[in-house]
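Novice: Since the structure of chain A is provided, determine the placement of chain B on it from the hints.
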Amino acid sequence: MKLTKKMLLAAALPAIIILSAAGKQGSAISADHIDRPFDWTVRIETQELPTQFQYAGCRLFPVVKTHVTYFKTHDESHTMDENHPVKYEDMWFHGEKPLGLERLHKFEVERGDAVSIEVTHKEGTGTASEYQAASNAILRLILESNLNANSVATVKLPEGSSFFEVVSCLEHQGATSAPPHDGSHPLASAINIFLESTPPGHTQTLYFF
Amino acid sequence: MVKAIFRKSECGNILVLVCVFAAVNALAMIMSCSFGGLFFVHNRLQTSADEIALAGARKLNETDRLGQMNNMIGRCRQLVFSSRKTNDEALERYPQLRNLSQQLLAEARQSASDLEAERVRLASIAHDEALISMHNKFNEIKGSYPMSLPWLKVSEPVMRVSDIKFGKMNGAQSNVSELKGLDELAAHDASSLYIHSASHLYRESINARLPAGSDGSLDFKISSLPAPVEKTISPARVTLAKNFRQINSDHLPSAVQIELKLDVATGLGTPAGNQLVVTGTGAAVGGADQL
Numbered sequence: 006m007k008l009t010k011k012m013l014l015a016a017a018l019p020a021i022i023i024l025s026a027a028g029k030q031g032s033a034i035s036a037d038h039i040d041r042p043f044d045w046t047v048r049i050e051t052q053e054l055p056t057q058f059q060y061a062g063c064r065l066f067p068v069v070k071t072h073v074t075y076f077k078t079h080d081e082s083h084t085m086d087e088n089h090p091v092k093y094e095d096m097w098f099h100g101e102k103p104l105g106l107e108r109l110h111k112f113e114v115e116r117g118d119a120v121s122i123e124v125t126h127k128e129g130t131g132t133a134s135e136y137q138a139a140s141n142a143i144l145r146l147i148l149e150s151n152l153n154a155n156s157v158a159t160v161k162l163p164e165g166s167s168f169f170e171v172v173s174c175l176e177h178q179g180a181t182s183a184p185p186h187d188g189s190h191p192l193a194s195a196i197n198i199f200l201e202s203t204p205p206g207h208t209q210t211l212y213f214f
Numbered sequence: 037m038v039k040a041i042f043r044k045s046e047c048g049n050i051l052v053l054v055c056v057f058a059a060v061n062a063l064a065m066i067m068s069c070s071f072g073g074l075f076f077v078h079n080r081l082q083t084s085a086d087e088i089a090l091a092g093a094r095k096l097n098e099t100d101r102l103g104q105m106n107n108m109i110g111r112c113r114q115l116v117f118s119s120r121k122t123n124d125e126a127l128e129r130y131p132q133l134r135n136l137s138q139q140l141l142a143e144a145r146q147s148a149s150d151l152e153a154e155r156v157r158l159a160s161i162a163h164d165e166a167l168i169s170m171h172n173k174f175n176e177i178k179g180s181y182p183m184s185l186p187w188l189k190v191s192e193p194v195m196r197v198s199d200i201k202f203g204k205m206n207g208a209q210s211n212v213s214e215l216k217g218l219d220e221l222a223a224h225d226a227s228s229l230y231i232h233s234a235s236h237l238y239r240e241s242i243n244a245r246l247p248a249g250s251d252g253s254l255d256f257k258i259s260s261l262p263a264p265v266e267k268t269i270s271p272a273r274v275t276l277a278k279n280f281r282q283i284n285s286d287h288l289p290s291a292v293q294i295e296l297k298l299d300v301a302t303g304l305g306t307p308a309g310n311q312l313v314v315t316g317t318g319a320a321v322g323g324a325d326q327l
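Chains as they are written, first to last, in this note's numbering: chain A, 6 to 214; chain B, 37 to 327.
Chain B with its partners taken away, still in its complex shape:
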């Protein structure tokens, strides 16, 4: 009878073990689903942030408007400088020509002011159009996020205006090639360190004022924008967040950075919530040569 009892207690051990292991496996699978889901959502959120930043970056230099403005500012400097030299020479040697020379100089100076006013408008236009483009893209994307699964709950992502920054790419000079046609002005530019020696481009984020004198108060603000390399213009692209530098509103923006936030929570066991935060950075299309 004792033998019979022992035989009976050996029966069913495997079943218990299988049930225990099955329960442990089920728990592990659910946990992996949760973590895997979080990982998937995080990746997806990063991709969305990149898409939104790229949408904004594309708008900034649409039709090469920023590049053209930079190039024209560089050439406006030459116009004013040349007109001033001509006027000085006329006053000194041919005073009978002063009416014409002074008229042409006044036109050049006025053009410099008008161009600066237009540059400020363009910065605002580019900024606003990029914002609209990014918000449209965000609205397109956000609706696909919310989900409620037993092991994972995902809310709608959030992007505030304060999470959007305009700036430039670190290390990118302007797209304006050094202009050497006027010797005296070229020497001034070199001595004023307006020219980046390695690339022979005007430096970024400078106010390339003319030599001190009557025209020294005019503004010639040249902004950062990748220059063409062997006639190849760089496309709008996603870039690393660490390469982004915020600028003040005084210069034309050539890059944009946004931050997306997303609330997630696990649905099993002790409720645990968290917020995913990702950063997307986009650089604008590079500048072309002057037409």
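Pulled out of the complex, with its shape left as it was, chain A reads as follows:
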């Protein structure tokens, strides 16, 4: 039987359709993985408390509260997505100094998954106290994530003064941007912190030894 062009085309068409669909899905996954290379988001929301310890002579005023939640970045069941985050813990700070913690839930991020830490300020741009509190909260969450075998892919900070101030606070607490190195031997940092602004515009990598 002669194979005509039409017969060949008819045979190849399903394959072409299947392959193009797979290609689109692949590129979608690739694009999504690039945009959000993490499985979970841990969100730190800072809020200054103007009426906490509000008495003359108090040495712990002002106090900032950080409300920490986490959610699955992709949650098809929508039980643990951004609209239904898990309330993990609240912390209170005076500057960079933590004052208290209230654990609300276990850290049930699946071991081995990557997380992104995201900082937001309840009242918009944030204050100096909030930047200090956020920096300490970031370090504590990075440590807890590492102990749970979760790599912290990125730390997202609001664009503007928040980004630069939090970076500065992290450096004040021991993280370094350019470790002193003469190149004679390799350096190994305990923690690498990749910071980026939201919306994108600024990035910074800090190292903790």
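The hints are simulated quantities; they were obtained by calculation from the structure and are not laboratory data. It is possible that part of the hints are untrue.
[Stated by the list, open to error] Which stretches of chain B does chain A cover? Using the computed rule of at least three CB atoms under 8 Å from a CB of chain A, they are: (1) 143-151; (2) 156-166; (3) 209-219; (4) 258-266; (5) 312-322.
[To be verified] Calculated pairs, DSS-like style, for lysine-lysine (alpha carbon to alpha carbon, straight line, at most 30 Å): (6) B:K297 x A:K111; (7) A:K92 x B:K267; (8) B:K257 x B:K201; (9) B:K267 x B:K278; (10) B:K267 x B:K297; (11) B:K189 x B:K178; (12) B:K278 x B:K297; (13) B:K201 x B:K216; (14) B:K267 x B:K216; (15) B:K178 x A:K92; (16) A:K111 x B:K216; (17) B:K173 x B:K297; (18) B:K257 x B:K267; (19) A:K102 x B:K201; (20) B:K257 x A:K92; (21) A:K127 x A:K111; (22) B:K216 x B:K121; (23) B:K121 x A:K102; (24) B:K201 x B:K297; (25) A:K102 x A:K92; (26) B:K201 x B:K278; (27) B:K178 x B:K297; (28) A:K111 x B:K278; (29) A:K127 x A:K92; (30) B:K257 x B:K121; (31) B:K267 x A:K127; (32) B:K201 x B:K173; (33) B:K216 x A:K92; (34) B:K267 x A:K111; (35) A:K92 x A:K111; (36) B:K257 x A:K102; (37) A:K127 x B:K216; (38) B:K278 x B:K178; (39) B:K189 x B:K121.
Where a beta carbon is used, it is the ideal one built from N, C-alpha and C, also for glycine.
Specialist: Chain B in isolation, oriented as in the chain A frame:
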């Protein structure tokens, strides 16, 4: 003539009787004025004592500073405990993270010390402000007392520093709700009887130390303060003297009791003097939930 004499001696009997009864009535009225005046002064003095105690009680937990301190102490315990567990795990499984974990633990422990130092300062601040408020109220009131009436003499009331006591209300636990987020710590708190079983509040006047170990020496002193009931915070109020319990200076005061003394004397007949003594007790505003 005898009849005439008899008629004359019957005249004037009523007048004498009226005069006698009038004199007796006058005496009775004066006595009742004296006793009534004493009763009135005593009531007035009690009201003044209550006002003074209330003025002091209001100052103690102004802006919920005592309640906030109690709540923060409870949460500082969780911070230190959690930081210790994290550090232990890092040392055991991820030694390369020890620098960070030890730094964060040291911060937490330092915060516990700083918070305790601030708590001691707050006790002193609250105590002093309450004293000033009570003395101001007393000075406002005392000038209206002295009076000198024929049947009653009243002096100026006296309130000495030694007549002022700081304490707590009997039966009032702390305002800190049980914190259950850390299982091991919650179990320790339950076994150490830190938690009042009926109300699920931390007990009053305790030093809720962490489990024996490196952090067992840190102080976490939680004081008595009425907790909110269904989001309702109890106002500062006058209360019965028998419900007051004096505390040592180691804990934050949530109630105050004062004693007022007043010299009185009757002015008629044999001079008789006495001293009225009344006690006023005030409880501070209750604590709110942690912000």
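Novice: Straight-line Cα separation of K127 of chain A and K216 of chain B no greater than 30 Å?
Specialist: holds, 26 Å
Novice: Is the hinted pair K92 of chain A and K267 of chain B satisfied, with a Cα-Cα distance of at most 30 Å?
Specialist: holds, 21 Å
Novice: Do the alpha carbons of K297 of chain B and K111 of chain A lie within 30 Å of each other, as the hint requires?
Specialist: violated, 59 Å
Novice: Decide if the proposed pair is consistent with the structure: K189 of chain B and K178 of chain B, CA atoms, cutoff 30 Å inclusive.
Specialist: Roughly 15 Å separates the two Cα atoms, so the pair holds.
Novice: Taken at face value, is the distance from the CA of K92 of chain A to the CA of K127 of chain A at most 30 Å?
Specialist: Since the Cα atoms of K127 of chain A and K92 of chain A sit roughly 16 Å apart, the hinted pair holds (cutoff 30 Å).
Novice: Next pair to validate is K257 of chain B with K267 of chain B; report whether the Cα-Cα distance is within 30 Å.
Specialist: Satisfied, since the Cα-Cα distance of roughly 24 Å is no more than 30 Å.
Novice: Are the Cα atoms of K178 of chain B and K297 of chain B separated by 30 Å or less?
Specialist: With a Cα-Cα distance of about 11 Å, the restraint between K178 of chain B and K297 of chain B holds, given a limit of 30 Å.
Novice: Would the hint linking K201 of chain B and K173 of chain B be met if the CA-CA limit is 30 Å?
Specialist: holds, 16 Å
Novice: Taken at face value, is the distance from the CA of K111 of chain A to the CA of K267 of chain B at most 30 Å?
Specialist: holds, 27 Å
Novice: Does K267 of chain B pair with K297 of chain B here, judged by a C-alpha cut-off of 30 Å?
Specialist: At roughly 40 Å apart (the allowed maximum being 30 Å), K297 of chain B and K267 of chain B break the hint.
Novice: Quickly compare the C-alpha distance for K278 of chain B and K178 of chain B to 30 Å and report which way the hint goes.
Specialist: holds, 25 Å
Novice: Take the C-alpha atoms of K257 of chain B and K121 of chain B, compute the straight-line distance between them, and say whether it is at most 30 Å.
Specialist: The hint holds at about 22 Å.
In terms of the numbered hints stated before, the structure departs from hints 4, 5, 6, 10, 13, 15, 19, 28, 39, listed from lowest to highest.
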